[in-house]
Amino acid sequence: IDTEARKIDFDEDEDARDAALKQVDDAGVFSGIASVFGHLDTGGDIVMPGAFKGSLARQTAEGKAPAMLWQHDQTQPIGVWTKLTETPDGLYVEGRLVLEVARAREAHALMKAGALNGLSIGYATILEEWDHDQGARILKELDLWEVSIVTFPMCEPARVAAVKKTGRSDPASAKRDAFAPLARELK
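In the working numbering, the protein residues as written are 1 to 187.
Keep in mind that the hints were calculated from the coordinates and are not lab data. One should not assume that every hint holds.
[Unchecked claim] Here are the computed lysine-lysine pairs in the PhoX-like style, where the Cα-Cα straight-line distance is at most 20 Å:
(1) Lys64 - Lys53
(2) Lys83 - Lys53
(3) Lys53 - Lys140
(4) Lys83 - Lys64
With the hints as extra help, turn the sequences into a complete structure.
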């Protein structure tokens, strides 16, 4: 399977974001930043770098992953997270909607239309501090339970940032597509 990912800076290019979201393919594969480090969210929390490392390491060792939920509803799992990792920006996630589930098909249609692109985390706080100057809770260690696709994320910049297009499976097409970016640079 050939995959192509396109990162989008939502603050800079809303038209590009909308175009990419409309490219959600039949596989329902996508990626994004589920939590942005150092950002004061609408709940008064700031997640710090390293907050997820312990939880992700433990879940990996146990062969588990956080749930992918619809709007934080634990009775509505809609997919699977295939990659979760901390980057300098925040918690990067890759996942796949399970399109045999009705609510996942709804999420898929809304993502394709550009109407749904928020990501939000569900967690238990392990270590926190209070920042009196900012009036914020500083989250230093979290136990990550789930990452939801949501309409309104508490951390505004936590969004679906790229949609992967799964394409042709024949080797010639895959090879041609893999070298397409290099060919464009050489022109």
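Worksheet item: Within 20 Å, alpha carbon to alpha carbon, are Lys83 and Lys53?
Response: holds (13 Å)
Worksheet item: Has the given pair, Lys83 with Lys64, been kept, meaning a C-alpha gap of at most 20 Å?
Response: With Cα atoms ~11 Å apart, Lys83 and Lys64 stay inside 20 Å; holds.
Worksheet item: Has the given pair, Lys64 with Lys53, been kept, meaning a C-alpha gap of at most 20 Å?
Response: holds (14 Å)
Worksheet entry | Pair hint outcome, Lys53 versus Lys140 [Cα-Cα no greater than 20 Å] | The hint holds at about 10 Å.
Comparing the model with each numbered hint stated earlier shows that all of them hold.
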